[in-house]
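Student: Heads up: the protein sequence lines correspond to chains A and B, in order.
Residue numbers for the first sequence follow numbering that gives the first Met the number 0, so the first one is 0 and each next one is one higher.
Residue numbers for the second sequence follow numbering that gives the first Met the number 0, so the first one is 0 and each next one is one higher.
Simulated from the structure, these hints should not be mistaken for lab results.
Some clues are possibly wrong.
[Stated by the list, open to error] Straight-line C-alpha distance at most 30 Å; calculated DSSO-like pairs for lysine-lysine:
#, chain 1, residue 1, chain 2, residue 2
1, A, Lys152, B, Lys341
2, B, Lys262, B, Lys208
3, A, Lys152, B, Lys152
4, B, Lys338, B, Lys152
5, B, Lys353, B, Lys341
6, B, Lys152, A, Lys74
7, B, Lys336, B, Lys152
8, B, Lys396, B, Lys208
9, B, Lys233, B, Lys281
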Amino acid sequence: MKRWLALAAVIVAVALLPLLLDPRGYWIRVFTFTLLFAAMAQAWNIVGGLANQTSLGHAAFFGIGAYTSTVLLLKFGISPWLGMLAGGALGGLAALVIAIPTMRLQGHYFALATLAFGEVMRVIANVWTSLTGGPGGLSVPFVPPSLAAYSFKLLRPHAYIALAALVVVTAIFEIIRRGAMGYRLRAIKQNPAAAEVIGVDTTRVKLQAAVISGALIAMLGTLYAQVAVFFDPDTVFGIASISIRIALIAIIGGVGTAAGPILGAFFIIPLEEVMNDLLSSRAAGLSQLVFGVILISVILWRPRGFITVFDSLRARLSRSGAS
Amino acid sequence: MSKHHSLGSTGVNRRALLSGTAALLASPFVLSSARAEAAPVNVGVIMPLSGPNAQFGINSRNGIELVADEINTAGGIAELGGAKINLVVADATSTPTTAGTVAQRLITQQDMTAVLGAFVSSLTIAISEVTERRDIPLLTMSFADQITGRGYKNIFQVVAKASVIGKAQFEYTAAIAQAAGAKIEKIAIMYEDTAYGTAQANGLRAGAKAANVEVVMDDAYPLGITDTTPLINKLRGSGAQAVFPVSYLNDSLLIIRTMRQQKLTIPAIGGAAGYVIPDFEKGLGEFAENVLSIDTSNYDLAPQLTERFRKRFGYFMVHEALEHAVCLEVLVQAIRKAKSAKAEDVAAALRGAKFTGGWINGMTGGAVQFDQTGLNVLSVPLMVQWRAKDIVTVWPKDIAKSAPVWRS
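Chain A with its partners taken away, still in its complex shape (with noise of 0.2 Å):
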């Protein structure tokens, strides 16, 4: 009872902050983009904390997403909410296809193979220039500002939908991982081998978890292609722009539970901006440096990520008052 009084204190707090912020500002768009990232890492969450699956190519299925809807508005005019399903949907048999040959591969390899998948995506969309502007990049158009168009002048509506998707995808991760899948996955993660003998279908469950992730992070990449307005094949397929890092946020803030990826892209994103706008005008790639001091320190600190210091807190609070 307490927890979700916590949990919903929480939202009306993230809910209230694009209120705050100056529309046409810095922070909202950091803010906005902090939630988006997120939103991805939770999606990722569902294959690399529940499975256990370390995928390091879900910008492949990301950027499908932000191409699609982009591509759709700009040779159809059809509205980035449709094409935001069609991504989803391209993005999710994507992640089927990708998931089959990838499946029975484990730990490294599996991390290697799904990163190849990225670069492969990337390859295409720099090559295909007919359809994706090539490596120019593709402007996302400015039509008349309506919600139905998915055009704001403001950022403030794209802090909301971003806040909308974070809570979704979150919720959709929830259920999962307390479902009966979350426990399938997480017997696979334990021993596959044992899964297999008490009936648990690890094929099946697997694509299912992999299809679910790869939809939700496409969709994520038509929200992201709409804020951006602005993407080209590096951006959206890029291995350290997207798909390490929403890989690192997730560790970060500690894999496999729903706070870890909101903790890890609350720490990361910002901090990243903060050390460009304190350092970067003073030595050339300090901030590059100092950010990864930083992530390395609190890997050492918590190697299983963010979230342990609030089991720690908690663990010290019940001790006190048993005393």
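Dock chain B against chain A, hints included.
Tutor: Just chain B now, kept in the frame of chain A:
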């Protein structure tokens, strides 16, 4: 006991804190009243200061800082009561979305008159999406055609477009070869798959097609390629008489070094960027000698200006530094003309007018004039050639400082 002591010290601190806060709060008023007529003109400088293109970003920043310092030492902008130029420098990194966020930050934190940046075309495009929506003029020397091809009102491109540069890269080469009594029938194009590389390759292809020259090799490769041997092997087998590589720095070094080590001596005509900075010669030594490159401006066209850069930074004024200096020069002239540092007044002053003098003397065409898309219609590409540690303008003939060397 200790509690009492700490309380006492807090009292002292609080008093100090209060007076300090009061002083801090008052300081902006004191400052602003002291120079009420000369509030500084904020100019955002967003460049890739980290990552693979950091060198170009640093060169660009150097050029801008030189001009800003000179104007400030000379008493600032007289039309605004001697207002000083305040450069707000930020790292665009190598991700367009981050560049856009950085632009948003600068515009939000301060009243910006204009933004300069960001060398790499994709970064410039991302920044322009922000500046356009906030009606802030963005002055750039990025090449890509899309920059002024989207109908935006607040973007100003001081150099020719990539497709025009690519076409000139071919046509000048053909003319230089013809002047040396050679005839080009087969060429090879290799370019990195970035916005700049592909757009310029399109221009090269168009030029070759118009001249009925066969393109026997036409290969894109990813930025950050680590082994160019397969490319060079293919080049050797293609029978091309000249090769046109378009790339940033590292790949340009790899391509030329691999070619020369394999004793492949056909002329190489680079596509600016990596081919026209001091690091090219530093990385290649004698292999750099006589390598040609297309360029959009060169320091030997206005030595009296560009020597000031060499004196301060210790290397010749590369074209991105010179063109960014021109961006700031044009901007300051527009501010003087508008007698205002407000972004929309300055943007209005930039459109249509013809700017001359000062750093603009370093540009081909001798002046800068933007059409309604924001493109400088007077800029013409030129051809340069490496001679020892310098690059010399060798084409077109009317501005050349030395005759081109052509060895086929």
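Student: So, for every hint listed, does it hold in this structure?
Tutor: Structure-based check of all given hints:
no. : hint                : verdict
1   : A:Lys152 / B:Lys341 : holds, 22 Å
2   : B:Lys262 / B:Lys208 : holds, 29 Å
3   : A:Lys152 / B:Lys152 : holds, 17 Å
4   : B:Lys338 / B:Lys152 : holds, 21 Å
5   : B:Lys353 / B:Lys341 : holds, 20 Å
6   : B:Lys152 / A:Lys74  : holds, 24 Å
7   : B:Lys336 / B:Lys152 : holds, 19 Å
8   : B:Lys396 / B:Lys208 : holds, 24 Å
9   : B:Lys233 / B:Lys281 : holds, 27 Å
When held up to the earlier numbered hints, the structure conflicts with none and fits them all.
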